[in-house]
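Number of protein chains: 2
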Amino acid sequence: MPNPTAAMLVIGDEILSGRTQDTNTNHLAVKLTEIGIDLREVRVVGDEPADIVAAVNALRARFVYVFTSGGIGPTHDDITADCIATAFGVGIDVREDARAILATNYKNPDKELNEARLRMARIPDGASLIDNPISKAPGFRLGNVHVMAGVPLIFKSMLESILPTLTGGEPLLSVTVRIEAPEGDIAAHLGKLAKATPSLSFGSYPFIQNGVFGCNIVVRGTDKVKLKQAEQSLARLVEKLS
Amino acid sequence: MPNPTAAMLVIGDEILSGRTQDTNTNHLAVKLTEIGIDLREVRVVGDEPADIVAAVNALRARFVYVFTSGGIGPTHDDITADCIATAFGVGIDVREDARAILATNYKNPDKELNEARLRMARIPDGASLIDNPISKAPGFRLGNVHVMAGVPLIFKSMLESILPTLTGGEPLLSVTVRIEAPEGDIAAHLGKLAKATPSLSFGSYPFIQNGVFGCNIVVRGTDKVKLKQAEQSLARLVEKLS
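Same order as they appear, the protein sequences are chains W and P. Residues 1 to 242 in the numbering used here are what the first sequence spells out, letter by letter. Residues 1 to 242 in the numbering used here are what the second sequence spells out, letter by letter.
Watch out, some of these pointers could steer you wrong.
A pair counts as met if it fits within one copy or between any two copies, since identical chains are not told apart.
Claimed, not checked - In silico lysine to aspartate or glutamate, DMTMM-like type, Cα no more than 20 angstroms apart, as pairs:
(1) K111 / D97
(2) K224 / E34
(3) K195 / E231
(4) K107 / E180
Just so you know, the hints here were simulated from the structure itself, not pulled from any lab data.
With these hints in hand, go ahead and build the complete structure from the sequences.
Following this line, the structure appears as structure tokens:
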């Protein structure tokens, strides 16, 4: 059976303007790979309701799991929860359990839990909450869409709390062989190896280091024995080149 | 007149598996912002022809400029050029000018310019070449789609060579005000300010540093005077909070 698929939707003008380098996608990718869920697409959109709604609906229809990051804070540009409600065609309002969790974050909740902060307790109808050990304001899951914060520390802790709820497949294993020769020298051999072993995927990732052109060959698959054979075949190639 | 729009398409299994952190998008975003082109969407897809073709066609229809990174090397997993040809419905073959450029990279091109490397001279019909000062193998532009390498150093140098060919708009200016208070304390004020100044965009980007919750307020727009006024209004807010 093929592994479950997933998509990531990063929401925020700050990524598209170049102000902020997204790192949540890479973290998610590493974690999903470990448990055998195949991240198949990533999209980044800005703080535009129509763009967010369209992306959520496109991705949740095509992939088993969807993860979003960004736009669930207390300020006017935090519109993700409303857009998720719109995408699913459900209502949204302050929910008592979310409000109670938020309140635990403040010494004087009657005063500090102001209108802006209460926005973070607005949860689309039918959603379940995602734990946020860092700053309390919860994320939520609605259908197959998991809505999480953009601040990397909070994104990571929310992801930790949902990983046990996901159904993974066979973990994708990989071996990497570093070759200090330009890709073009080994491409033919690599192509043959890939063709002969269709159950493994062979990626070639070129690098330039101190003026030397080389490449890392990454072989991925779920079969340990075949991976080992491919690694040995590549090691023989490295010997021949040196 | 609104600024021209753009989309980025990152191609490669290595991004989706988490092996590689994409940094080309951030670099592109910074450069486009400087010249008044609005990056509006980013997609990442794997080395799957159908996914690449669908993404190229979706993005080139909706945005003024499309930029791609990855998949134009000499190995079997480098399929971007073929997918672009498919997306545009045009042919693709080794082109003499691209072959001649590639040949300058080798001491003995008759021997070194092997079948694998010649793949890098396969250019879709009707495309114009994009200069690659680092490793010679050219990128190309077809219609509004600019196809570049995934290796960051080469991506950057290719981008430098096409930036002068793009038509920008009004550069987006921004000011950042750092506030050492949680977002929720300033959200109401910020929302009012944003409502009162619709020609500017106000983004709030929370951070956690040494256990302190704070936020950077980034105000963006093309009107220097209004930006200055917004900055002063936020500075007064910071004073009031301290």
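Now for the hints, and whether the structure bears them out:
1. K111 / D97: within (19 angstroms within a copy, 71 angstroms between copies)
2. K224 / E34: within (15 angstroms within a copy, 48 angstroms between copies)
3. K195 / E231: within (15 angstroms within a copy, 60 angstroms between copies)
4. K107 / E180: between (59 angstroms within a copy, 18 angstroms between copies)
Hint compliance for this structure: every hint is met.
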